[in-house]
Structures are given as structure tokens and as C-alpha cells.
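Here the protein sequences come in this chain order: X and P. If you use our numbering, the first sequence corresponds to residues 128 to 377, in order. If you use our numbering, the second sequence corresponds to residues 51 to 315, in order.
Certain hints may be false.
[Stated by the list, open to error] Covered by chain P, per the in silico footprint, the following chain X stretches (three or more residues, Cβ under 8 Å): (1) 138 to 147; (2) 202 to 208; (3) 239 to 252; (4) 315 to 327; (5) 330 to 342.
Hints in this document: simulated from the structure, not taken from any laboratory. Note that CB positions come from ideal geometry on N, CA and C, so glycine has one too.
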Amino acid sequence: MSKALRIPIFYLPIFAILILWELAARLGLLNPSIFPSLTDTLVAFVRLAEKSHLLAHAWLSLFRQSSGFFLAAVFGIVSGILMAESRTVRNILEPLLRATFPLPKSALIPLFILWLGIGDSAKVAAVFLGCLLPIVVSTFNAARGINKQLVWSAWSLGTPKWLIPWKVVLPAALPEIMSGLRIALALSFTLMVSAEFLIGQRGLGYLISTLGEDGDYAGMFAAVLAVTVLGFAADRLFLWLNDHLLAWRE
Amino acid sequence: MMKAPSHTLWLRRAGARYGSIVVVLILWELTTRTGIFNNFLLPPLSDVLYRFALDFISGEIPRHALATAYRAAVGFAIAAGFGILTGGLMSMSAVIRRIMEPIVSVAFPIPKISFLPIFILWFGLDDLSKVLMIAFSCVVPIISATYLGTTTVDKYFLWSARNLGTSRQALFWKVIVPAASPQIISGLQVAFPLALIIAVVTEMLTGGDGLGGYMIRSVRFAQSDKVFAGLLATLFTGLIFIQGFAMLRARLLVWHNETAVTAAG
């Protein structure tokens with residue numbers, strides 16, 4: 128099988144679902160007032176792009192999601208590595224992590240409304256804190272699980288002690304860190320949309336809920352489709368990046 | 051290392067386990083009492099605990115916590131049943147695997163919460179839309195964990211069972227599912243926090259009962275002590291579920307090596 132065909136063939140069931148959706152709508156099996164057809168949704172998508180600044184909403188959402196996610200990645204990886212390497216840092220952070228871990232992260236949204244109001248910063252903060260914990264925990268576990276011989280060899284070859292966490296531990300733990308980041312990436316989209324549902328103006332979550340309140344259900348489906356495509360594209364971009372970053376393995 | 055007398059050892063262990071939490075809580079109380087922090091934005095810890103106690107005794111917090119816990123548990127149970135079955139079937143049948151693999155791979159990264167307004171449109175503002183939203187969000191990680199767990203079951207188990215004349219159905223329920231149960235339960239443990247996250251968000255959006263509704267109403271009425279009391283109640287709800295899961299895991303996997311290890315360590 129040629130490579131160009133493999134991907135479309137793999138996704139065949141997805142296309143089948145889309146065709147079934149359209150067929151069911153055409154055959155009148157779906158109530159058109161609450162379940163628009165695929166073509167109606169796509170038409171609404173074009174309309175939103177032309178008239179309702181869909182792109183501007185999407186950029187804003189992506190900005191909130193990615194700034195929260197990147198901040199969480201940087202802080203999370205650094206503190207996870209430090210926790211694994213330093214007993215003092217571990218003694219300080221581990222109890223706090225254990226105490227806050229059971230909190231469902233979306234419960235922080237009201238707190239950020241209280242603290243930061245309804246602007247961008249509340250949404251970025253919700254994404255940041257929500258993603259931070261899972262990243263710290265997965266980095267910590269990954270860094271603790273690496274082969275200790277790597278550290279010993281680097282040490283005996285004269286690597287300065289302060290460089291070992293960043294030059295040895297981090298690269299060795301990277302595959303596991305990346306799988307933690309992938310889960311956090313999906314969570315970042317969930318938190319972004321949830322926060323936008325709840326607070327403020329603009330953004331895809333806001334667009335979905337206002338279109339729904341206006342009774343423009345085809346538009347609402349189109350905006351949901353936009354979020355879905357973004358989340359999916361971000362994940363595939365991440366996987367591509369992952370393969371390139373980890374190309375040195377094996 | 052020199053062996054410390056047992057009572058100081060206990061103290062040191064407690065210090066390492068809870069020390070920084072205690073420090074943070076004391077700092078919280080001191081900074082708010084001395085007016086370094088605005089008491090509206092950060093009410094003193096003692097005020098929050100007092101509010102928590104009042105709303106707990108009045109029955110408000112228990113009622114909301116039970117509503118949230120109920121929705122999360124029902125939605126999660128649906129996801130678990132459906133997810134384990136689907137994941138298992140994927141490893142048993144090539145056709146089902148062929149159909150489900152792309153669906154799972156697309157459904158994994160998409161923010162399923164964005165479907166919530168659609169669910170509300172279809173199933174109303176009541177429990178049904180919330181429970182289904184929770185199930186929809188949790189099912190994907192459970193399917194993939196079950197699929198991974200059941201495909202990597204030791205082939206010798208399968209061969210010996212087949213040799214002894216086990217039927218296909220019995221093979222699935224009596225051999226494959228038990229052998230894959232550590233991975234399946236890990237998948238359930240990973241998916242469960244999602245159930246609470248989604249439960250809280252759906253409640254915030256639709257108002258009504260549940261801890262999410264309690265907190266979002268408190269923000270709108272500018273009752274910041276209630277926001278924190280709600281956070282505390284949500285934390286405890288999560289804690290109870292997570293502890294329950296850990297106990298269930300230890301009980302169900304009593305035969306497995308990992309239980310012996312954790313019991314010893």
C-alpha cells in the first residue's frame with residue numbers, strides 16, 4: 128500500500144461517520160431544528176469565517192491556551208526535574224503536590240474570576256495551573272525513573288554537578304515527559320474552552336455559547352467543529368514534534 | 051545513616067510529609083490577618099474553615115458534594131462499562147479494531163467539553179446532559195488503556211486456556227480481563243479525575259446544585275469565603291474518590307505482585 132493512501136484509509140471510519148451524519152439528516156432521521164446536517168454546518172462555518180470573525184476568536188483562544196500551556200510546561204518541567212534531583216525541593220513541593228492533586232482543576236476557574244476578573248489573564252491562569260500539576264508529576268516520575276548509570280558516567284567523565292539535571296536527566300527522561308505533556312495539551316484545550324464558556328467575551332468557547340443562546344445551531348455546530356479541528360491539529364503537531372525531538376533514540 | 055531515636059524519626063517523617071503544607075497554611079492565616087493581603091480576595095484560613103463548617107452543618111455543602119459525586123460516579127460508571135467492553139472487543143476482533151482505532155485516535159485529543167452546549171440542547175439542563183458529558187469525556191482514555199492492556203496479555207495464558215477448551219466468551223471475561231486488570235484499573239484511575247473536572251464545569255455552566263454551581267454562584271454574589279469553602283469541599287470530594295480507588299485497586303489486585311510491593315514499601 129502506498130504511503131499517500133495509508134492515512135486516508137486509516138481514517139475511513141471517520142469519513143463514514145460524516146457521510147452517515149449527512150445521510151441521516153437528508154433522510155429526515157434527525158430533527159433539523161436541533162441537529163443540523165453536515166453541509167449546513169459547513170455552510171455555517173464559512174458564514175462564521177466571513178461575518179463573525181471566527182478566525183479572530185480562534186486566534187484569541189489559541190493564544191490563551193498556548194500561553195498557559197507553555198508557561199506550565201516550562202515551570203512544570205523545571206520544578207519536576209529539581210524535585211527529582213534535590214531533596215530540599217522535594218521535601219517542600221511534594222506535600223503541596225499531594226495535597227492539591229485530588230482537586231479537579233476546573234474548580235479553580237471561580238477563584239481566578241475572583242482574583243483576575245473576566246479578562247485574558249483569568250483564562251491563561253486557569254490553563255496554566257490546571258496543566259502545571261500533571262506536568263510536574265509526570266516529569267518527576269520520569270526523572271526518577273531514568274537509568275542511574277547515565278548520571279554516574281556523566282559524573283565520572285567530569286560533567287559539573289549543576290549541569291547533570293539539564294544535560295543528562297532531562298534528555299533521558301524526555302520520552303516520558305513528552306507523553307505527560309501530550310495529556311496536558313489535551314487538558315489545556317478543555318480548560319480553555321471551559322473558561323471561555325464561563326467568562327468574558329470573545330474566544331471560541333464564548334462563540335459556541337452565544338451562538339447556542341441565539342438559537343443559531345448550525346453556527347454552534349460549526350464553532351464546535353472549529354474547536355475540534357484545533358485540538359486535533361495541535362495533538363498531531365505535537366506528535367510530529369515528538370518524533371523529531373526524539374529522533375536520536377534508537 | 052545513624053539510626054535516630056524512634057520518636058524524632060516519626061517527627062522528621064511527619065515534617066517531610068506535611069511540613070510545607072503547615073507552613074503555607076500558617077502563612078495564609080498570618081498574611082491575611084495582618085492585612086498584607088486583601089481579605090476579600092484571600093479570606094483568612096480561619097474564616098474559610100468557619101464558613102465551611104457552617105455550610106457543612108446547614109447541609110448545603112454535603113448536598114452539593116453529593117450531587118457532584120453522584121453525577122461523576124454515574125457518568126464514570128457508564129464510561130467504564132462501555133470503555134472496557136469496547137477496548138476488549140478491539141483486541142478480540144480485527145474488524146472492530148479497524149473501525150475503532152481511528153475514532154479513538156481522533157477522539158483522544160479533541161476538547162470534548164466543547165460539545166456541552168450541544169448536549170444541553172439535546173438532553174436538557176438536568177442530570178442527563180451532565181452525566182452523558184462526563185461519560186463521553188472519560189470513555190476514550192478507558193478504551194485505549196483497556197485495548198493496550200488486553201492486547202499485551204501473556205500469550206501463554208491464552209494458549210493454555212484455549213488448550214483446556216475455554217470458549218471465546220469465557221476466555222475474554224475469565225482470562226483476558228483479569229490478566230489485563232492492572233492496566234485497566236490504571237486507565238480508570240487516570241480517567242477518573244476527568245469525571246470530576248467535567249462534572250464541576252457542567253455544574254458551573256448550568257447553575258443549580260452541585261459544587262460547581264455553589265462556587266460560581268458564590269463568585270457572582272461576591273462571597274469569596276464561600277468560593278474557598280467550595281474549593282475545599284471539591285478537594286475533599288476528589289480526595290475521597292482517589293483514596294477509594296487506591297483501596298479498591300489494592301483489594302482487586304491482591305493477587306498481583308505490585309500489591310505485595312506497595313504493602314512492603
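Consistency of the hints with the structure:
1. Counting residues of the region 138 to 147 of chain X whose C-beta sits closer than 8 Å to any C-beta of chain P gives 5, which meets the bar of three, so the coverage hint holds.
2. Coverage of the region 202 to 208 of chain X by chain P is violated [criterion: at least 3 residues with CB-CB distance below 8 Å; count 0].
3. With a cut-off of 8 Å between beta carbons, the region 239 to 252 of chain X has 3 residues touching chain P; three or more are needed, and the interface restraint holds.
4. For the region 315 to 327 of chain X, the proposed coverage by chain P is satisfied: 7 residues have a C-beta within less than 8 Å of a C-beta in that chain, meeting the threshold of three.
5. Given as covered by chain P, the region 330 to 342 of chain X passes the check, having 5 residues with a CB less than 8 Å from a CB of that chain where 3 are the minimum.
Violated hint for the displayed structure: number 2, the only one.
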